[in-house]
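Protein chains in written order, with my numbering: chain A, 1 to 205; chain B, 206 to 308.
No lab work stands behind these hints, which were simulated from the structure alone.
We treat Cβ as the ideally placed atom computed from N, Cα and C, and that holds for glycine.
Heads up, none of these hints are tricks.
So the derived label-pair ranges between C-beta atoms look like this: (1) A:Ala32 <-> B:Val256: 44 to 54 Å; (2) A:Arg189 <-> B:Leu247: 46 to 56 Å; (3) B:Arg269 <-> A:Asn43: 48 to 58 Å; (4) A:Ala85 <-> B:Val218: 16 to 26 Å; (5) B:Asp224 <-> A:Gln145: 18 to 28 Å; (6) A:Gly27 <-> B:Asp224: 16 to 26 Å.
Chain by chain, the residues:
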Amino acid sequence: MSLQVISPFETPGDQGALPPAALGLQGAAAVADDLAAAQRGDNLAFARLIRAHQSRVFSVALRLTGSREDAEELAQDAFVQLHAALAQVTGPSHVLHWLLRTVSHRSIDRLRARERAPRLVQIDADHEPAGCDNATDPLWARRLQRLLLQLPAAPRAVVTLRFQEDLEPTEIAAALDMPVNTVKSHLRRSLEWLRAQQAGDGHGH
Amino acid sequence: MDIEESLRRALRVEEPPPDFTQRVMARVNAQSQARRRARWHLPLALAASGVLAVVALGIVQQQREAQRLQSAQQLAIALEITSSQLNQVQQKLNRGQNMENGI
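Looking at chain A on its own, in the form it has when it is part of the complex (with noise of 0.2 Å):
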């Protein structure tokens, strides 16, 4: 599926939106109804909205930010600023790619405003185990996502959505406004990077 780039204040038709499978086809009929009743004014249904995405907009927060106290003020302010733009959202899907594209961006210019005063992300080598060559490894789990915060805001966003929320590269390019092969090429990098240090850590094959 190809997605056009919008703005969240756009409105895309059906071009802007997410597969219904992103949402789960009854997941996607409340969040219908719940949307409508929401543009008519109902608090309660647009309650409902934020609970049907909440984990998903705060995930990515928190994956782009780090910090969960960052996560839900940037989360809280996408789902401020979706109230404020109910009237724009065409469908569902659209809901979800709003909230995904707004949260992206608003984390990606903390991130940014953070870069600019440098901070640095300790990782801290000796509490990372190696050779333990495991699927489920919860530590393996925690050095993953400690090693994405190393990454720059722009490939860790294109990562964070690609492997959090399983979008296509298509789908990514449209929620972060970046070409599709800038997409490809920071995915690419990225694994690249992340190979190296899981075979450093001797997590490889």
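Based on these hints, arrange chain B on the given structure of chain A.
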């Protein structure tokens, strides 16, 4: 293990704090109230300006009316004085004419 699969496992969705929805709704409600208040600011300012303009116009008209009355009174007094002086002159002239005629 494949790095892509590892990433999918590592980047699992996490839950925000339990009161997340309530906090967002509190912000949404506060924003709606602020927007409603802001919606009344312009009409209220226009209404206040209108009232002030009407009051100012009333005061100016009152002052003009008072000035007009004062001018009319002054004119009436001046005419009265002139009239009485003309009467006196008339009387003197009549008296002089009578003396000439030996009345």
